[in-house]
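4 protein chains.
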Amino acid sequence: MSSTLGTLFKVSTFGESHCRGVGAIVDGCPSQVELSESDIQPQLDRRRPGQSIITTPRQEKDEVTIMSGVENGLTLGTPIGLFVANRDHKPGDYKDMRSIPRPSHADYTYQMKYGVRAASGGGRSSARETIGRVAAGAIAEKILRLKYGVEIVAWVHSVGEISVSTDNDQEISRADVDMTDVRCSDRTVADRMMQAIIEARDAKDSVGGIVECVCRNVPSGWGEPVFDKLDAKLAQAMLSLPATKGFEVGSGFAGTTLRGSAHNDAFATKGKRIGTRTNNSGGIQGGISNGEPIVFRVAFKPPATIGLSQETVDFDGNHVTLEAKGRHDPCVVPRAVPIVETMAAMVLLDCALRQEAGAAFRPDSN
Amino acid sequence: MSSTLGTLFKVSTFGESHCRGVGAIVDGCPSQVELSESDIQPQLDRRRPGQSIITTPRQEKDEVTIMSGVENGLTLGTPIGLFVANRDHKPGDYKDMRSIPRPSHADYTYQMKYGVRAASGGGRSSARETIGRVAAGAIAEKILRLKYGVEIVAWVHSVGEISVSTDNDQEISRADVDMTDVRCSDRTVADRMMQAIIEARDAKDSVGGIVECVCRNVPSGWGEPVFDKLDAKLAQAMLSLPATKGFEVGSGFAGTTLRGSAHNDAFATKGKRIGTRTNNSGGIQGGISNGEPIVFRVAFKPPATIGLSQETVDFDGNHVTLEAKGRHDPCVVPRAVPIVETMAAMVLLDCALRQEAGAAFRPDSN
Amino acid sequence: MSSTLGTLFKVSTFGESHCRGVGAIVDGCPSQVELSESDIQPQLDRRRPGQSIITTPRQEKDEVTIMSGVENGLTLGTPIGLFVANRDHKPGDYKDMRSIPRPSHADYTYQMKYGVRAASGGGRSSARETIGRVAAGAIAEKILRLKYGVEIVAWVHSVGEISVSTDNDQEISRADVDMTDVRCSDRTVADRMMQAIIEARDAKDSVGGIVECVCRNVPSGWGEPVFDKLDAKLAQAMLSLPATKGFEVGSGFAGTTLRGSAHNDAFATKGKRIGTRTNNSGGIQGGISNGEPIVFRVAFKPPATIGLSQETVDFDGNHVTLEAKGRHDPCVVPRAVPIVETMAAMVLLDCALRQEAGAAFRPDSN
Amino acid sequence: MSSTLGTLFKVSTFGESHCRGVGAIVDGCPSQVELSESDIQPQLDRRRPGQSIITTPRQEKDEVTIMSGVENGLTLGTPIGLFVANRDHKPGDYKDMRSIPRPSHADYTYQMKYGVRAASGGGRSSARETIGRVAAGAIAEKILRLKYGVEIVAWVHSVGEISVSTDNDQEISRADVDMTDVRCSDRTVADRMMQAIIEARDAKDSVGGIVECVCRNVPSGWGEPVFDKLDAKLAQAMLSLPATKGFEVGSGFAGTTLRGSAHNDAFATKGKRIGTRTNNSGGIQGGISNGEPIVFRVAFKPPATIGLSQETVDFDGNHVTLEAKGRHDPCVVPRAVPIVETMAAMVLLDCALRQEAGAAFRPDSN
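Chains as they are written, first to last, in this note's numbering: chain A, 1 to 366; chain B, 1 to 366; chain C, 1 to 366; chain D, 1 to 366.
For the record, the hints were derived by calculation from the structure and aren't laboratory data.
Be aware that a few hints might be false.
To be verified - With a straight-line Cα cutoff of 20 Å, these simulated EDC-like cross-link-like pairs (lysine to aspartate or glutamate) come out:
#, chain 1, residue 1, chain 2, residue 2
1, A, Lys147, A, Asp314
2, C, Lys270, D, Asp316
3, A, Lys272, B, Asp316
4, B, Lys142, C, Asp364
5, B, Lys61, B, Asp39
6, D, Lys142, A, Asp364
7, C, Lys142, B, Asp364
8, B, Lys325, B, Glu60
9, D, Lys270, C, Asp316
10, A, Lys142, D, Asp364
11, C, Lys270, D, Glu311
12, D, Lys270, C, Asp314
13, C, Lys270, D, Asp314
14, A, Lys270, B, Asp314
15, C, Lys272, D, Asp314
16, B, Lys272, B, Asp176
17, C, Lys142, C, Glu34
18, C, Lys61, C, Glu37
19, B, Lys147, C, Asp364
20, A, Lys270, B, Asp316
21, C, Lys272, D, Glu161
22, B, Lys272, A, Asp314
23, C, Lys147, B, Asp364
24, D, Lys147, A, Asp364
25, B, Lys272, A, Asp316
26, A, Lys270, B, Glu311
27, A, Lys147, D, Asp45
28, B, Lys270, A, Glu311
29, D, Lys272, C, Asp364
30, B, Lys270, A, Glu161
31, D, Lys142, D, Glu37
32, A, Lys272, B, Asp314
33, D, Lys270, C, Glu311
34, B, Lys142, B, Glu37
35, B, Lys270, A, Asp316
36, D, Lys272, C, Asp314
37, A, Lys61, A, Glu37
38, D, Lys147, D, Glu34
39, B, Lys147, B, Glu34
The structure displayed is predicted, hence computed values, not measured ones.
Same shape as in the complex, but just chain A:
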């Protein structure tokens, strides 16, 4: 188990889907930041189940409580305990699955790794584990916004084969994204995405998709070569999310088909700073932010738990037919949007703190 991420802004999460609750400890949060539950709850609300017709009908309010680390509305610099109670337990839904590992789910691997697993609901591999991350990352978002004006916006880039053009990505706001339940600001494309999700759900099936994220106003200099490059830490953070299968930054996989002369981002003056004319680098060069928007995409597979019958074997190797009960998302990407944003914030703030540490020793710093 390694449930802690970060070097200076450290987030440790805990909780399964059917224990008393889930949460996180945020250690290393700067002091004297104005903070209350109302800074955190909005991203949890965007993540919670039951928020629209295309998410699981499970209802959980997911109300966060700050347990420690804040007094009189200010962070103390001490660990911030964050807690969300679990309420809507229906472990019965999972009863049939005790002896049958769900295909492409973590049932089998948890059992192999630990010799035991949570009785229901996927345990730590459940999407519910991400609540602690979202709560912690929401704090990081606020600090990044206050100190640097950093703005992080993610949206659904594709559902199955249906994708949105990203020409105007620099102008998309969270309000734009939230205008559709599917979290895609292009209403026409969003309608088709909705349709695809509903069709999958009605077929007791599921569908995958891609989330795109842009981080604006990130100063140059963030990211620690060589193993903690900014893109390497973002990749780790995103691949640590349930159901992810890929990460790409800037030109990504498509960029491999270009020649260097077409791919290179030539420098140009942009007001007082030097910037790049194009952004195939996705805002990161040599693992360090260059001042351009950071752009990356995360691939989410179709959810493994589906109602359709599947031919598989149980833990004893007997052939069985599995039809999952329970209430599951037919597509995770709409709810993944705030998760991707808050994970990005967590990584960025940790890099910011590390960069400030070294920068304080620069001859030009005092």
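Dock chains B, C and D against the given chain A, drawing on the hints supplied.
Just chains B, C and D now, with coordinates in the frame of chain A:
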């Protein structure tokens, strides 16, 4: 700077391209392993420049010396110091570039981050930094092979638009891969890849590509939820390599277009163990290995340093035309193959050690 | 802030003395261990205030709840959330001290470090923070006992100038220790210690003391050279406790006055194993356990918060006279005993896990 | 093995006493610091064997080479590789000890832990391992001095029963300390210490001692509660040194005999800042520096390797008489002085970097 990777098998690298040398410290290597330079040199030879007509003509022998941690041919359990001297210095090649940051290179971001940068050759962002990784990872490979029979083979999946079918990936060996200079076992495709690289080079340009990697015989249970999932750590390791833009595991980005019913890997008995009929999961479920081959791909952009003239600005914002001198690879993927393999080994061995630690406490372990 | 200790058995604590509660996340606990609150509560009861006439009369039940990581009485291998609510708030007690930093307390340094501090009660520097540690360490104790038979017993070695002889330390049990309120098994000495504490309390003063701890049945081989030597990690753990001023292992400071010929622990056969005739090493040689009992001592200063009037200055530099109100321990060592034991357990289990990881790769391991 | 210390200023050491050499990688060193070998060599010279009649007559020049991370006399922010070759090999000296573990030495525990050990000279438990630390810590010293004016001076407080009064410790300089071979600024006491060491040596025996260290001009606010308290990290660092048995800060063990009213350090105005009238806290309260001098002591046992014959058993349990050959220090404290200083510097700079990171986010920072 964070030049250390791993929790128990820890690798710390050091060295720029034009200092006295490059290398690594491997801390946490199990004791009593037979080890000599000859276990390490082969992967360094596959990585070194000047090995074929499609790599940089720079000649460096890159001979490794074990400085510590091995006595009488056995590892002591103490840190293994690995060192490779730098020899073929031509800093003059870089003179013109002192005041001009190369587009899409790390010159600009290192300067912004540190307020100073290596006088030439890209410093820590240079491919030369990977020598320490390859040397350290070669040790991991040997241990994984001896104890678990793990076999790691990577190859060039694509160069520009030219890609190889991966139907027979389960049978490819390193010997197959090394039969062509481009490191693709399909000779017909390899010839076309060679042609593409030579054309790019002759045009003073460069071209990108994708490396695919398979890790066979990995036991189930490796990988630490939630932030140190096996795929998350592989993603971090791969995105920490110079010139990488993306990582995907199993079905990857393409898998997002499938429905769950098509994507799910149904379980089946395979001899005495339970396996999966398909492998869209790429051998990892919930961040933990499931006993199937681990399969992933890494996207490498076209090298940034090209001889073609580029319109850009210098550090003072003046418009300039840059034509890089120096000797550079027109395409990095052939030499990236051993780097990807050894980085994968490093991650896998660290996961193996962590899994063995916990497993020792299982009721069924004694 | 760094509220996390351990490499594989990682404990992160959170909570101030006057927020909603205190607790810990235990990450990396082996799976399939039988565990319930009743394994943890006894050590919390030995730590809690109000347990005897020589501790603060503050009453807190300090009942622990396992929030996650355990199901059907077995650990899942996932993070174990531990929580104890704060109940007996009397922040009014601290009102006078808002503008006056208590001498030798952390009021001043927290304010300097964070620019803010908990309104009352010392925040994270409060003894209350140790609740999370004790709860987490109680889990480590159980695992060490089950798997290795490790037995950890600490006791009050001295209060002020009154100290106990340690000739029979190898036979002292927790039951022996708990026969006196002061936690010293020698009743005569214990009575004098009690008297000293009561005198200090009645004088509105406080008094210091030393806790000694022995860890029996620790196998040889635990501890990681060079920076994570077993004694180095114990020293860090103990000096991380509030009010500690020193740590010594084996012969300690007194050992510096001996010659090597008198200090050296000659080897001898002990049944089937090789042991040492004397134990000036305190069970650790070169940072690694040698199979003999691990013996160390921890110095605790007299508590800083006293009722006697003190001449000092406030945060603005004005001369003031401070007479602390509130309810405080006149001597911390009786309640420190279970804290020292559980911290030792935490360190030992982390070392055990690390040793098992490497040992699994030894040629003689399968 | 864990040969890395530090969170932001990370030092990893490597090397046994009889391999090719010893050294360290310093990762996270601030950039643009003027640095050359001449900044490092003086502390290595104070550490090296053969420097006076009371150290081992072994001659090693211990000349350091900076392998990477510095260019044109400035640090690049990249890892600094430090290397010192081993020259004066006499493994023959150790031949007799192959099958006999030296009492109170690490021979036995290394063998138990790793199932193998360095053929001679103690391997990683050798004092020679500290070369990498001293070299790395000398860099930290320079940075602390340049940026904060921090001044670190250690001296020999005692040899055996002979100790120096520490009344004037605030004025002792390194020059004062180095005026005697034994590194005690009081010449009369120093002469007696010399005599004690020579007597022990002539008796083929050894003797212990205590090193005291003061760190002046450390700003308030350094140290990270709760596990990385400044005194906790100093304790870990000091107990990680070979032959250490204890650590105490400020009043230390003696402080346990005082009452709070006598022990408390009342605040007082000191020029523009608030300081304390006494310094029983040793400059640290609640794990955080308070602006007063940091004062601590480290206990070193008498060296285990002595020429006197010792009755012991070999690895097979046979009774044997051991008379160590080889050339060993009869007392380690004179050479330990620079080691203690540089280890303290390493810990302090890491804390400084961490504090600067958080401080950059304080509302009053810009």
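Check the structure against each numbered hint from earlier and tell me which ones fail, lowest number first.
1, 16, 21, 27, 29 and 30
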